[in-house]
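Going line by line, the protein sequences match chains A and B.
Our numbering applies: residue 3 is where the first sequence begins, and numbers increase by one.
Our numbering applies: residue 3 is where the second sequence begins, and numbers increase by one.
Don't take every hint at face value.
BS3-like mimics (lysine-lysine), calculated; alpha carbons at most 25 angstroms apart, straight line [said to hold, decoys possible]:
#1 B:K224 with A:K87
#2 A:K58 with A:K87
#3 A:K167 with B:K87
#4 B:K56 with A:K87
Covered by chain A, per the in silico footprint, the following chain B stretches (three or more residues, Cβ under 8 angstroms) [to be verified]:
#5 32 to 43
#6 76 to 85
#7 117 to 130
#8 170 to 182
Don't read these hints as lab results, they were simulated from the structure.
Built from N, CA and C at the ideal position, the CB exists for glycine as well.
2 protein chains.
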Amino acid sequence: MSKAARAGYLRETSAMSEILVNMRYDGPERTIAERAYRLLREDIISGALAPGLKLKIEMLRTRYGLGAAPIREALARLSSDHLVKLEGQRGCEVVPMSVADARDIGNMRKLLEVEALRISIGNGDEEWENALAAAFHRLERLERTIDQGIDDLAEWETLNHQFHKALVAACDSAWLLRMRQLMFDQHERYRRLSRVKTVATRDISLEHRALFEAALDRDAEKAVTVMETHIGRTTDAVVHTFARHELAEEALRHKEA
Amino acid sequence: MSKAARAGYLRETSAMSEILVNMRYDGPERTIAERAYRLLREDIISGALAPGLKLKIEMLRTRYGLGAAPIREALARLSSDHLVKLEGQRGCEVVPMSVADARDIGNMRKLLEVEALRISIGNGDEEWENALAAAFHRLERLERTIDQGIDDLAEWETLNHQFHKALVAACDSAWLLRMRQLMFDQHERYRRLSRVKTVATRDISLEHRALFEAALDRDAEKAVTVMETHIGRTTDAVVHTFARHELAEEALRHKEA
DNA sequence: GTCAACAAAAATATCGATATTTTATTTCTC
DNA sequence: GAGAAATAAAATATCGATATTTTTGTTGAC
């Protein structure tokens, strides 16, 4: 009897309960491949797997304690998400990052999120308002405690994510929401990498409040304007920090040579 | 010595030269998994693999004469492209189609293609104009020969694809182009399924000409208006044909029961 | 010393076999 | 006969081994 025979391919681990806590819940994971997908995805977005890093199967196998087949499947999926780049017979790597890409992603996110917001505000019912208010207050509560530990930063990302999601939740276009989510995640990778400390700045908190109020007032134009500023500023901050980051790496490379 | 030993995993087939002819060329295929990805993708978009169809590995293995591993990898990639739906421990299926989805995709394609067009017209240089003119004339030549055989229809799709691509080619947002392409492909699946014969109608040909001329005149607003009508009409035709298609299937199901 | 040809090592892509889960079928009970 | 429980069949997900390609390292020629 193999080790897995007792509890199936996907045996429970302590980490699994954490999914529920740190939720961006997406239904239970039924296969190891799904777990591999989630783990890799999180590590790429969080920056734990650095941009440009060569993803060798053996390395990932030991890192996650999973077999090669599920990891391969996860990498294939991530390549279509544009988080991993497959290179023919030459393995794969974490998609590199660049200032130009940061700008592009920021603009794209703006385009999609603004459109979704407009529709959502038009469609939202009472239930939507309630969920939005809840998400806003959770986020605001955290933002009031200014001292941002490293844990708080991750939690802030989650709450921020949920607030933005709640804003557009009443949008009835599945495709628009799907693409918005894609760009939000791509954007998040940049936010995390550049460790935008400005994250909990009073400005951002105020923008969140303005967004919230405009949404409840059903003032779509106001909300759109605020959202555009909001995303624009985030992007600017990211680009700014990231440009320095790139310079620093450049310098480092020169020093090595 | 195994069968593959003489020519490597990916041995040449007669079908391979066809890639170049029926081109949406994407670089040479270095692995069987890539070939599987392309084949499956084409068959899903063309409708050869029907929406909702359960994709059993064994069936695909014999259909394409490939091993299970590459097929599995292809399915994983297609799931992130939203052409295949993975269902936990229960295999996968071709993503189903619906009238609502057709509308959603049409609107999304409109949003993205219009935005890309605006930027492209603003940026396009002489080289862009030349390529656009070439694409337009190839398409127009075909559209003049009204008698649309089944082969012509596939060729029309290719030329239409290339014309639209040429229009937005000068857009400098990689992400916008990527997403536009995604929606174009999704839209194509609906166009093909509903076999929109209206495809070569005088109207559409005229719209193409109007698009072409507005683009060369750098009249972005005009081009955008035409594009919106153009995509809107295509979507309407698709929705119309597809709605009947759905009704027919409904009726069929009742008759069976 | 540099470059090319060659050999050794590492890593990938693929296959075939196995364990597991789902689905279909049969058997039993009422 | 209908429905539940048990069983058999089919299909999936995963593993371990193998073939192949890429990369690295070495040797020899100039």
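Can you confirm whether the C-alpha distance between K56 (chain B) and K87 (chain A) stays at or below 25 angstroms? violated (28 angstroms)
Compare the distance between the alpha carbons of K58 (chain A) and K87 (chain A) with 25 angstroms, and conclude whether the hinted pair is satisfied. Holds - the C-alpha atoms of K87 (chain A) and K58 (chain A) are around 12 angstroms apart, at most 25 angstroms.
Taking 8 angstroms as the C-beta cutoff, is the stated coverage of the region 76 to 85 of chain B by chain A satisfied by three or more residues? Coverage by chain A holds for the region 76 to 85 of chain B (8 residues, Cβ < 8 angstroms).
With a C-beta cutoff of 8 angstroms, work out whether three or more residues of the region 32 to 43 of chain B approach chain A closely enough for the coverage to hold. holds (count 4)
Agreement of K167 (chain A) and K87 (chain B) with the hint, judged by alpha carbon distance not exceeding 25 angstroms: With a Cα-Cα distance of about 23 angstroms, the restraint between K167 (chain A) and K87 (chain B) holds, given a limit of 25 angstroms.
Can you confirm whether the C-alpha distance between K224 (chain B) and K87 (chain A) stays at or below 25 angstroms? Roughly 38 angstroms separates the two Cα atoms, so the pair is violated.
Count the residues of the region 117 to 130 of chain B with a beta-carbon closer than 8 angstroms to any beta-carbon of chain A: does the count reach three? violated (count 1)
Outcome, coverage of the region 170 to 182 of chain B by chain A - at least 3 residues whose beta-carbon is closer than 8 angstroms to one in that chain: holds (count 6)
In this structure, the earlier hints numbered 1, 4, 7 are contradicted, and the remaining ones agree with it.
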